[in-house]
Amino acid sequence: MLRKLMRKKTADIQLLDERIEAVKNRQIPNHVAIIMDGNGRWAKQRKMPRIAGHHEGMKTVRQITNFANAMGVKALTLYAFSTENWKRPRMEIDFLMNLPGEFLNTYLPELMEKGIKVEMIGDMDALPSHTEKAIKKAMEQTKENKGLILNFAMNYGSRVELVHAMKEMAEEVASGTLKVEEIDEGLIESKLMTAHLPEPDLLIRTSGEVRLSNFMLWQLAYAEFIFTDVLWPDYDEDCFLQAIEDFQKRNRRFGSLEGDQKR
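Each residue of the sequence shown is one higher than the last, beginning at 1 in the numbering used here.
Please keep in mind that the hints were generated in silico from the structure rather than gathered at the bench. Keep in mind that a hint or two might mislead.
[Stated by the list, open to error] Derived DEER-like restraints, expressed as beta-carbon distance ranges:
1) Glu113 to Met166: 38 to 46 Å
2) Asn214 to Ser129: 37 to 45 Å
3) Glu237 to Gln45: 19 to 27 Å
4) Asp94 to Glu245: 37 to 45 Å
5) Gln63 to Gln14: 35 to 43 Å
6) Pro49 to Arg211: 31 to 39 Å
7) Arg90 to Asp17: 28 to 36 Å
8) Asp246 to Glu182: 19 to 27 Å
9) Lys47 to Arg250: 38 to 46 Å
10) Leu212 to Ala126: 18 to 26 Å
11) Ser175 to Asp246: 13 to 21 Å
12) Glu144 to Ser213: 44 to 52 Å
13) Ala126 to Ala22: 13 to 21 Å
14) Leu217 to Lys87: 38 to 46 Å
[As the list claims (entries may be wrong)] Listed below are the simulated DSSO-like cross-link pairs for lysine-lysine, each with C-alpha atoms no more than 27 Å apart in a straight line:
15) Lys136 to Lys191
16) Lys24 to Lys74
17) Lys44 to Lys59
18) Lys74 to Lys167
19) Lys114 to Lys87
Backbone N, C-alpha and C fix where the C-beta goes; we use that ideal spot for every residue, glycine too.
All chains should be built: construct the whole structure from the sequences, respecting the hints.
Shown next, in the form of structure tokens:
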């Protein structure tokens, strides 16, 4: 029985390796955005407190980050805490605000070893000082890394982001440094928090929910969407690989009638 299980495991690993090589020979999404959902439900199913699900989800962040980096993804944006999440119970918020420090302090040496660069979008000023300090420390220490950009969306809301961009342009028009006719898509994109990143090619949302929840509304205009019933703590390399395989089957026309067009 043991030999049979070992042979099956070896075969599964070989199949996974073959799939990875096949995927790498096709177009890898440059930027993957993930709405990490289902931590609370994962914990509830196991009769555990919600915070246990968030802690388990942190392990998934590490797993998917390393795999995405190995696959050649250039940027991975993770929706970690939205501007609406402040409505949650105080105890849960406090726990969530401690997670970035725990994650980054634990895995920073590994991120450095793998050349992963930590960044953040969102309003950092509203975060607790210990959360802000942990994120800034990781950003500073990894700023020269050339691998995957691990971009945390913390205290982030897309509508707030767009309002800030509009206000900045309005102020420039009022001061005479910008003409209304100069406002175009490129200018708006340059005012967004993601201006230095490529637009997401692929959005993944876990846990069976099918909505964007105020996440990167402008940037996701031409992204491919994949929704899965898998809860975030259960999301693994095989799930991520399947998402990329599905992405590679899509015919991305960007409004044209020709297949496989690049924007």
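We went through each hint and held it up to the structure:
1. Glu113 to Met166: 38 to 46 Å: Holds, since glutamate 113 and methionine 166 (Cβ atoms, about 41 Å apart) stay within the stated range.
2. Asn214 to Ser129: 37 to 45 Å: 25 Å, violated
3. Glu237 to Gln45: 19 to 27 Å: 22 Å, holds
4. Asp94 to Glu245: 37 to 45 Å: 39 Å, holds
5. Gln63 to Gln14: 35 to 43 Å: Taking Cβ atoms as reference, glutamine 63 and glutamine 14 lie about 20 Å apart, which means the hint is violated.
6. Pro49 to Arg211: 31 to 39 Å: Hint violated: Cβ distance 26 Å, outside 31 to 39 Å.
7. Arg90 to Asp17: 28 to 36 Å: 46 Å, violated
8. Asp246 to Glu182: 19 to 27 Å: Check failed, 40 Å falls outside 19 to 27 Å.
9. Lys47 to Arg250: 38 to 46 Å: Because 39 Å falls inside the window, the suggested range holds.
10. Leu212 to Ala126: 18 to 26 Å: Cβ of leucine 212 to Cβ of alanine 126: about 22 Å, so the range 18 to 26 Å holds.
11. Ser175 to Asp246: 13 to 21 Å: 47 Å, violated
12. Glu144 to Ser213: 44 to 52 Å: 33 Å, violated
13. Ala126 to Ala22: 13 to 21 Å: Check failed, 44 Å falls outside 13 to 21 Å.
14. Leu217 to Lys87: 38 to 46 Å: 20 Å, violated
15. Lys136 to Lys191: 21 Å, holds
16. Lys24 to Lys74: 13 Å, holds
17. Lys44 to Lys59: 18 Å, holds
18. Lys74 to Lys167: 30 Å, violated
19. Lys114 to Lys87: 36 Å, violated
Against the hints set out earlier in the document, violations occur for numbers 2, 5, 6, 7, 8, 11, 12, 13, 14, 18, 19.
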